[in-house]
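Engineer: Given chain W, work out where chain Z should sit, using these hints.
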Amino acid sequence: MNIQQLIAYPQGTTEPITYPSGEVVLDLFKDEPIPLVLNVDDFTNVAEVDASYSKSFEMPGTKNNNLFFNHIYDITSDSNFNPHVKTKIIVKEGSINTFEGYMQLNEIIIKEGVITYDITLYSETVNLKDILSERVFRDLDFTELEHIYNITQIRDSWVNNLTYNNAGTSGFRDGGTIKYPFIRWNDGISLFSTGNYFVSNLYGAYNVFKPCINALYLFKRIMSSAGFSFTSSFLESDRFSKLYVDLKSTEERDELYVDFGVREASTSEVYNSTFNTLNLTAYNNWAGATGAQLALYDLSTDKFTSNLDNLNVFYKVEIFFSNTGSNPAVVDVILEFNKGGVITTTTLASGINVPVNVVGVAPSMCYIPNISLGLLDNNDFVEIKIKSVGESINVWEVIPDVSDAPPGSAGKTRITTAYTYDTMDINMLLNSYRGDNNQWEFIKSFITMFKLVVLQDDNNLNNLIIEPYKTWVDTGNLINLTHKVDIEEIKYIPIDGLDKTIIIQHKPDDKDRIISIYDFNNIKWRYVNNSDIEIFDGVENTIEVEGLSSSFYRNILNAGIYAPEVINEDKENFDNSLRVFYDKGVTTISGGVTYRIGSSGTSYTDYLKFTPFNDFNESYDFNSVQYQGGSAAILDSLYNVYWAKYIDELYHKDTRIAKIEAYLTADDISKIKFNDIILIKNKKFRIHKIEYRAGAMSKLELITIKDL
Amino acid sequence: MDFKIGQSVKPKKIVVGGVVIFEEYDAAKILIEVIPTQSQCEIYGFDYRDSTCFSNIKSTEINDYNDINDFIIGTNSGYFNIIGVNNEIKHKCFANSIIGNNNVVSDYTNNTTISGTKGEANYNNSQVLAGNQSDDLETRQSIILLAGRETTTAAWSTAKLNNDNTTSFKILDNSIITFNFYITAVRTGGTAAGSKGDFKSWVERGNVVNRAGTSTLKRIRQNLGNDGTTTGWNALSAINADNDLAISIKGATNMDIKWIVKLEVIEMRTGVDLS
Chain W
1 MNIQQLIAYP
11 QGTTEPITYP
21 SGEVVLDLFK
31 DEPIPLVLNV
41 DDFTNVAEVD
51 ASYSKSFEMP
61 GTKNNNLFFN
71 HIYDITSDSN
81 FNPHVKTKII
91 VKEGSINTFE
101 GYMQLNEIII
111 KEGVITYDIT
121 LYSETVNLKD
131 ILSERVFRDL
141 DFTELEHIYN
151 ITQIRDSWVN
161 NLTYNNAGTS
171 GFRDGGTIKY
181 PFIRWNDGIS
191 LFSTGNYFVS
201 NLYGAYNVFK
211 PCINALYLFK
221 RIMSSAGFSF
231 TSSFLESDRF
241 SKLYVDLKST
251 EERDELYVDF
261 GVREASTSEV
271 YNSTFNTLNL
281 TAYNNWAGAT
291 GAQLALYDLS
301 TDKFTSNLDN
311 LNVFYKVEIF
321 FSNTGSNPAV
331 VDVILEFNKG
341 GVITTTTLAS
351 GINVPVNVVG
361 VAPSMCYIPN
371 ISLGLLDNND
381 FVEIKIKSVG
391 ESINVWEVIP
401 DVSDAPPGSA
411 GKTRITTAYT
421 YDTMDINMLL
431 NSYRGDNNQW
441 EFIKSFITMF
451 KLVVLQDDNN
461 LNNLIIEPYK
471 TWVDTGNLIN
481 LTHKVDIEEI
491 KYIPIDGLDK
501 TIIIQHKPDD
511 KDRIISIYDF
521 NNIKWRYVNN
531 SDIEIFDGVE
541 NTIEVEGLSS
551 SFYRNILNAG
561 IYAPEVINED
571 KENFDNSLRV
581 FYDKGVTTIS
591 GGVTYRIGSS
601 GTSYTDYLKF
611 TPFNDFNESY
621 DFNSVQYQGG
631 SAAILDSLYN
641 VYWAKYIDEL
651 YHKDTRIAKI
661 EAYLTADDIS
671 KIKFNDIILI
681 KNKKFRIHKI
691 EYRAGAMSKL
701 ELITIKDL
Chain Z
709 MDFKIGQSVK
719 PKKIVVGGVV
729 IFEEYDAAKI
739 LIEVIPTQSQ
749 CEIYGFDYRD
759 STCFSNIKST
769 EINDYNDIND
779 FIIGTNSGYF
789 NIIGVNNEIK
799 HKCFANSIIG
809 NNNVVSDYTN
819 NTTISGTKGE
829 ANYNNSQVLA
839 GNQSDDLETR
849 QSIILLAGRE
859 TTTAAWSTAK
869 LNNDNTTSFK
879 ILDNSIITFN
889 FYITAVRTGG
899 TAAGSKGDFK
909 SWVERGNVVN
919 RAGTSTLKRI
929 RQNLGNDGTT
939 TGWNALSAIN
949 ADNDLAISIK
959 GATNMDIKWI
969 VKLEVIEMRT
979 GVDLS
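Residue numbers (the working numbering), protein chains in the order written: chain W, 1 to 708; chain Z, 709 to 983.
Simulated from the structure, these hints should not be mistaken for lab results. Take these hints with a grain of salt, some might be off.
Each computed PhoX-like pair below joins lysine-lysine, with the alpha-carbon atoms no more than 25 Å apart [said to hold, decoys possible]: (1) W/Lys55 / W/Lys129; (2) W/Lys706 / Z/Lys720; (3) W/Lys645 / Z/Lys958.
The calculated label-pair distances, taken between Cβ atoms and stated as ranges, are [to be verified]: (4) Z/Gln841 / W/Asp532: 52 to 60 Å; (5) Z/Asn789 / W/Ser531: 37 to 45 Å; (6) Z/Asp755 / W/Glu544: 42 to 50 Å; (7) Z/Arg919 / W/Asn150: 53 to 61 Å; (8) Z/Gln841 / W/Ile368: 36 to 44 Å; (9) W/Ile487 / Z/Ser747: 49 to 57 Å; (10) W/Gly168 / Z/Asn789: 45 to 53 Å; (11) Z/Gln841 / W/Thr152: 37 to 45 Å; (12) Z/Gln841 / W/Glu544: 47 to 55 Å; (13) Z/Asp935 / W/Ile517: 48 to 56 Å.
All values reported here derive from a predicted model rather than from experimental measurement. The beta carbon of each residue, even a glycine, is placed where N, CA and C say it ideally should be.
Just chain W, same shape as in the assembly (with noise of 0.2 Å):
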């Protein structure tokens, strides 16, 4: 037999391990095995997910253990060995690794000067867990999905298409990671019964394309930053990488629309026939400006310099030109722009002719309505700039007369501003509460949804193998341990702890106009399981899906656009939690229907569909639900789907859990796969735990199930 190693690496050992990396042999009590738990799932517990362990035990205190913990026994030094910091560990036998993960320092127990560490190993699943338990959206770094938010960029990512400020960092990213589908989230939207189309007011758009994020995307972040990876066949399938939620919050976009601007010029100022920047000397606010005004352009240096980064501008230039000179004059007007130090210069107008003024003749003039700029990051600024040869000139504050003035023109010298920030930035996809979903809470709800099971990888600790209980289980060999086990005694045991009634559902967002009036949630999407057991622990148990919640699908205003709607009492946004939608892509509404943006401009025919069911003709709701637009009930519901197989063996009165002791090694250990079948003279088992004793008799928890 090989003798039982438990191999510890110091503190702060990254991924992966390369040799040497300063590893450990501990010190163990030469007859003390350690007391493995390996285990992947709880058969008899509904509503966790269990990982393997070890029980815990204790190691002696030698020199060698002690280096290793830095002498943390004695109190008076400042040991560098931190309890609160996983110590990665292996066990091994021989070469065979039977157990990977972390260990964690219980107690020292100093008894009569003999120093004992007391320790538990946990595996790297639980790892997982403890490490996304403490981390909220808000920790991951969004900014590679940052982007312009209008009608275009909307529209595109239903195609899978938007177009990103910033480069990708993450690897994970591509144009269909946030999309902008129809929901209604307030009661911005109405349907005019003598037009058949849709106005959404305010700045339009947001009150019903507000982003959500791909969920596969969101779960290889969590877990990419948890220094994990993951292979799964469920994952990657459509079932699943079609699945959004939204990253919405309750402010809107027109709060973030701002400023108009009017200045006004000098006549006074004299250009010649070099360059020099228009001076305006006045500011009028024009009077339709609406939001914060902010005072960008600057009139002791005639640049409009942006405050922030993505700044869209638009310029409307207005120059009368005026002549008081003898001699005509031939004009030139520039833009220059400063993007990040560098200038480029535009000519907006040149080579205009500018005689001697007359009176009752027209001046000559620069006019363009409108000069979109384009994206001024924080300290970028634009100067518009003028040249006269032959006679230096000035310019009109207000033209003698009106009716010279183009159309359009207000007959003033003047630049009007415009500018927006339509960038959807890191602030606005987890801004408030939406930055507080906790990660662990995400993943679990996954887990809890699908009834996965998580896995290390054997080939790689950090690698996870994640797929549902139903297509993992019994899935693997068939292993004959009879020749392994103590056939003396085999103690059966029925399944305890049952409960009468288990309930199983998302979370009610109780704040749901929904849920708060109509109690669908009770009425429709829980599924309730009544057993017909007479025995039982508790009456009830509910099984929640923490961080998700399911989200009425409806024909929003009866116009034929099927979509989730997501309001409250008052049909107005609120802080609801976290939805889950399926994207059935780009749809064309039916009924002739069409919708604009605001009170006029395109009418659009088409949408972005997101359900609470699939193109397998599966829901995401727990029970069965016919959903509006559908003519009869889904069968395949989650419940359906992913746990009526588990419950059916969990409940079956001839399920039992089997006691066995058998000897297993090392290389056994190595070998077996929790989705193994065991054969036990010519009876089928599944594995439900194995408590492992290096060179003694294992204790196995196995599984008989009819029909197995």
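Structural biologist: Below, chain Z alone, put in the same frame as chain W:
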């Protein structure tokens, strides 16, 4: 969905009407649709009726006025209840109820009930029955209203709608109405001869046509009876200068009289110049 332990059949899908279709493996291990037995149906939690397995799943349709209707709500309107489609509650309206389609509650109108199609409620506390399946808005409708007044003299005065001292029923241009006024007056005080509780009732009937702004009234009255001293009490329909249908009433000197009038009106707006 998977087979339950010990079962050779399992549900395959739910179809229209809630019928659950089952399936089983045939000899070639291919799933084929089968009709379940009662026990097979019930073991999966479904209901077995008339030799058919039904799911007990209800649809997610809800009786939700806000969404089975298409409507526009004006600013500051509230407390409405609508069942139907394409109805419109306009500006500053409160506590209105609509059953039907394409109906309109006009600005500043409260506490109305409209049933039918393409009706228009213009008066507080009114009941509108609209019958315009293929007509334009409010072509044909009937309206029920109440009016009231208190009198203490023998002068003619007008009972106003809802006793608000302001509103009368307007005869719209190029419309025709037929009306029934049920009028009751009861004495509640005063020093003149007679007693509290003296009363008199009438039915005033007639019709009015408005020809491009000029209304013509035809009317008759039936005295339904009286009790006590009611000398001089009278009621009469009339058209005033604004084409309002007035309910003129007259009591007696030193008699405190309360008046109630129920107006039943059928109205047809022709949309044609009737002059």
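Engineer: None of the hints should be skipped; say for each whether it holds.
Structural biologist: Status of the hints after comparison with the structure:
Restraint check for W/Lys55 and W/Lys129: the C-alpha separation of about 19 Å stays at or below 25 Å, so the hint holds. This hinted pair checks out: W/Lys706 and Z/Lys720 have alpha carbons roughly 23 Å apart, not beyond 25 Å. In summary, the hint linking W/Lys645 to Z/Lys958 is not supported, as the alpha carbons are separated by about 84 Å, beyond the 25 Å threshold. Look at Z/Gln841 against W/Asp532: about 55 Å separates their beta carbons, and that is inside 52 to 60 Å.
A hinted range of 37 to 45 Å holds for the C-beta pair Z/Asn789 and W/Ser531, which are about 43 Å apart. As the Cβ distance of Z/Asp755 to W/Glu544 is approximately 28 Å, the hint placing it in 42 to 50 Å is violated. Between Z/Arg919 and W/Asn150 the C-beta distance comes to about 57 Å, which sits within the given range of 53 to 61 Å. One distance hint, 36 to 44 Å for the beta-carbon pair Z/Gln841 and W/Ile368, is violated here, with the actual separation near 57 Å.
For the hinted restraint 49 to 57 Å between W/Ile487 and Z/Ser747, the CB-CB distance of approximately 38 Å leaves it violated. Between W/Gly168 and Z/Asn789 the C-beta distance comes to about 52 Å, which sits within the given range of 45 to 53 Å. The hint said 37 to 45 Å for the Cβ distance between Z/Gln841 and W/Thr152, and at roughly 44 Å that hint holds. At about 50 Å, the CB distance of Z/Gln841 to W/Glu544 agrees with the hint of 47 to 55 Å.
Under the hint 48 to 56 Å, the C-beta atoms of Z/Asp935 and W/Ile517, about 52 Å apart, fit the expected range.
Of the numbered hints stated above, those contradicted by the structure are hints 3, 6, 8, 9, listed in ascending order.
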